[in-house]
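Taking the numbering used here as reference, the numbering of the sequence shown is continuous, increasing by one, and the terminal residue is 434.
Just to be clear, a hint being listed does not mean it is correct.
Claimed, not checked - Computed beta-carbon distance windows for the label pairs: (1) Arg121 <-> Ser262: 48 to 56 Å; (2) Ala378 <-> Thr147: 17 to 25 Å; (3) Ile319 <-> Pro208: 14 to 22 Å; (4) Ala311 <-> Asp203: 27 to 35 Å; (5) Gln19 <-> His321: 13 to 21 Å; (6) Gly265 <-> Ala170: 37 to 45 Å; (7) Asp405 <-> Arg121: 45 to 53 Å; (8) Val242 <-> Leu186: 21 to 29 Å; (9) Gly254 <-> Leu400: 39 to 47 Å; (10) Val242 <-> Arg122: 37 to 45 Å; (11) Leu199 <-> Ala410: 45 to 53 Å; (12) Thr315 <-> Ala378: 45 to 53 Å; (13) Ser15 <-> Ser376: 44 to 52 Å.
Stated by the list, open to error - Restricting the straight-line Cα-Cα distance to at most 20 Å, the calculated cross-link-like pairs of lysine to aspartate or glutamate (EDC-like) are: (14) Lys23 <-> Asp87; (15) Lys23 <-> Asp13; (16) Lys396 <-> Glu354; (17) Lys23 <-> Glu349; (18) Lys23 <-> Glu354.
In short, the hints are calculated from the structure, not lab data. For each residue, glycine too, the CB sits at the ideal point set by N, CA and C.
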Amino acid sequence: MTAPIRDASLWRQGQDKIDWAARFMPVTRGIAGQLRESGSVRGLRIGLVLVLEPKTATLALELAAAGADVSVMCGASNTHDDTAAALQHAGIAVFARSDASAADDRAFALGLLDRRPDILVDDGSSVTRLAHTDRPAVFETLRGATEETTSGLRPLRVMERQGALRIPVLAVNDARCKTLFDNRHGTGQSTLLTMLDLLATPLDRAHVVVAGFGPVGRGVAQHARALGARVTIAEVDPVRALEAVFAGYDVDALESAAGSADLLISATGIAHTVDVEHLLALPEGAAVAVSGGVAQEIAIDAALAAGATRQSIGHALESFTLPNGRSIVVLDDGGCINCTAGEGNPIEIMDLSFGVQVAAVDLLAREAGSLAPAVHLLPPEVDDRVARAKLDALGLRIDAPSSAQRDFLGSWTSTGRRAAPQRDGARS
Numbered sequence: 007m008t009a010p011i012r013d014a015s016l017w018r019q020g021q022d023k024i025d026w027a028a029r030f031m032p033v034t035r036g037i038a039g040q041l042r043e044s045g046s047v048r049g050l051r052i053g054l055v056l057v058l059e060p061k062t063a064t065l066a067l068e069l070a071a072a073g074a075d076v077s078v079m080c081g082a083s084n085t086h087d088d089t090a091a092a093l094q095h096a097g098i099a100v101f102a103r104s105d106a107s108a109a110d111d112r113a114f115a116l117g118l119l120d121r122r123p124d125i126l127v128d129d130g131s132s133v134t135r136l137a138h139t140d141r142p143a144v145f146e147t148l149r150g151a152t153e154e155t156t157s158g159l160r161p162l163r164v165m166e167r168q169g170a171l172r173i174p175v176l177a178v179n180d181a182r183c184k185t186l187f188d189n190r191h192g193t194g195q196s197t198l199l200t201m202l203d204l205l206a207t208p209l210d211r212a213h214v215v216v217a218g219f220g221p222v223g224r225g226v227a228q229h230a231r232a233l234g235a236r237v238t239i240a241e242v243d244p245v246r247a248l249e250a251v252f253a254g255y256d257v258d259a260l261e262s263a264a265g266s267a268d269l270l271i272s273a274t275g276i277a278h279t280v281d282v283e284h285l286l287a288l289p290e291g292a293a294v295a296v297s298g299g300v301a302q303e304i305a306i307d308a309a310l311a312a313g314a315t316r317q318s319i320g321h322a323l324e325s326f327t328l329p330n331g332r333s334i335v336v337l338d339d340g341g342c343i344n345c346t347a348g349e350g351n352p353i354e355i356m357d358l359s360f361g362v363q364v365a366a367v368d369l370l371a372r373e374a375g376s377l378a379p380a381v382h383l384l385p386p387e388v389d390d391r392v393a394r395a396k397l398d399a400l401g402l403r404i405d406a407p408s409s410a411q412r413d414f415l416g417s418w419t420s421t422g423r424r425a426a427p428q429r430d431g432a433r434s
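Please model the entire structure based on the sequences and the hints provided.
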């Protein structure tokens with residue numbers, strides 16, 4: 007197997023970045039501190055499969071400080087080599103390098119599983135699924151997993167329906183403190199700012215087409231509109247399409263909308279969302295990218311098979327000449343642009359997501375034995391715990407329900423209706 011990291015000498019550069027990120031992650035550090043005090047993860051082996059950059063490194067180091075034996079794996083396109091070096095220097099087992107081949111990435115994932123983790127923190131469920139197909143012995147020790155993404159939960163729920171899922175999985179992605187902030191505000195901001203940095207172009211008066219109006223699509227659309235773009239939403243879900251209409255966006259079928267797009271962004275997490283016919287519909291010079299996402303969300307392989315040619319024109323930019331003679335720009339090979347070509351989501355946003363992850367790991371450490379092999383929503387107490395920690399860190403106060411409000415909410419006989427007033431002269 008290829009050496010698990012690329013350049014150990016980068017550790018100091020990576021550590022400086024981690025120190026900076028940690029300063030702005032009070033929620034993650036605070037909840038991890040509670041784990042240190044309780045000892046809930048002491049001695050447990052925890053495998054992290056997340057985008058490897060300074061915010062993730064903070065999570066890994068905090069779990070290690072709480073007594074866990076932590077290992078980290080990441081695919082090449084999402085790996086920051088200086089962060090990997092810093093974690094290895096700190097004594098964490100790392101399987102990640104930015105120049106790894108697909109075969110290396112697979113070997114790294116298997117290497118992490120061969121460490122027999124008790125808990126797996128996954129992104130995209132790739133390693134959770136690999137354990138089921140290639141390392142079934144890991145289930146002798148694996149108590150459960152957490153899943154960070156919408157695209158990762160989708161196949162796990164299929165596995166659950168088919169009776170193939172062998173462990174409990176906590177749906178971190180579906181926690182309110184994750185999806186309301188990370189998916190929408192964080193990914194929307196980081197996607198648009200990364201794309202504008204690569205393209206070096208303003209968005210005012212541009213036509214931006216967003217495929218998908220889930221939390222990520224909403225965030226991308228919101229930030230594009232704030233930067234002056236005219237935004238059109240393409241959806242297959244009629245309710246979400248109608249929601250986009252009421253939010254003030256144009257709505258159209260993707261192939262039709264693509265015909266006048268300056269920028270087409272896929273935000274569905276579903277392969278072949280932007281298929282060959284959509285690429286062919288784009289005007290000369292249009293750019294296309296993926297926010298979040300999965301492999302082949304832009305059908306690049308199918309386009310090449312249909313006769314398209316590609317040429318690098320700059321960092322993370324390729325010109326594709328299509329069979330119809332038009333040229334378009336594809337950003338970073340259709341990868342998760344905010345992570346593969348940018349710095350990921352804002353630190354303060356990821357602090358919420360990783361606060362949820364730490365709380366989920368704590369829950370698995372304490373209660374995995376009582377959970378069935380299924381995808382489980384996190385209890386509301388986890389969101390409350392994370393949100394209150396964030397509010398405290400911001401120095402903000404909120405109200406508590408009064409006793410009268412609690413009585414009302416706890417009663418099924420209360421109508422909440424105001425009694426009709428007695429009028430002068432009315433008979434009693």
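Evaluated hints:
Between Arg121 and Ser262 the beta carbon distance is about 50 Å. The supplied range of 48 to 56 Å therefore holds. Distance hint for Ala378 and Thr147: a CB-CB separation of about 18 Å, consistent with the stated range 17 to 25 Å. Hint check: Ile319 to Pro208, Cβ distance near 19 Å, so the stated range 14 to 22 Å holds. Hint check: Ala311 to Asp203, Cβ distance near 31 Å, so the stated range 27 to 35 Å holds.
For the pair Gln19 and His321, the supplied restraint of 13 to 21 Å holds, since their beta-carbon distance comes to about 20 Å. Distance hint check for Gly265 and Ala170: the Cβ-Cβ separation is about 42 Å, which falls inside the suggested range of 37 to 45 Å. Checking the proposed 45 to 53 Å range against Asp405 and Arg121 shows it holds: the Cβ atoms sit about 47 Å from each other. For Val242 and Leu186, the Cβ-Cβ distance of about 23 Å falls inside the hinted range of 21 to 29 Å, so the restraint holds.
Take Gly254 and Leu400: their Cβ atoms lie about 30 Å apart, and the range 39 to 47 Å is violated. At about 41 Å, the CB distance of Val242 to Arg122 agrees with the hint of 37 to 45 Å. Remark: the range hint 45 to 53 Å for Leu199 to Ala410 is upheld by a beta-carbon distance near 47 Å. Roughly 51 Å separates the CB atoms of Thr315 and Ala378, a value that falls within the hinted 45 to 53 Å.
For the pair Ser15 and Ser376, the beta carbons lie near 46 Å from each other, so the given range of 44 to 52 Å is met. In summary, the hint linking Lys23 to Asp87 is supported, as the alpha carbons are separated by about 12 Å, within the 20 Å threshold. Note on Lys23 and Asp13: the hinted pairing holds, with a Cα-Cα distance of about 16 Å set against a maximum of 20 Å. For the proposed pair Lys396 and Glu354, the alpha carbon gap of about 9 Å is at most 20 Å, so the pair holds.
Simply put, Lys23 and Glu349 have alpha-carbon atoms about 11 Å apart, close enough for the 20 Å limit, and the pair holds. With a CA separation close to 15 Å, the supplied pair Lys23 and Glu354 stays within the 20 Å bound.
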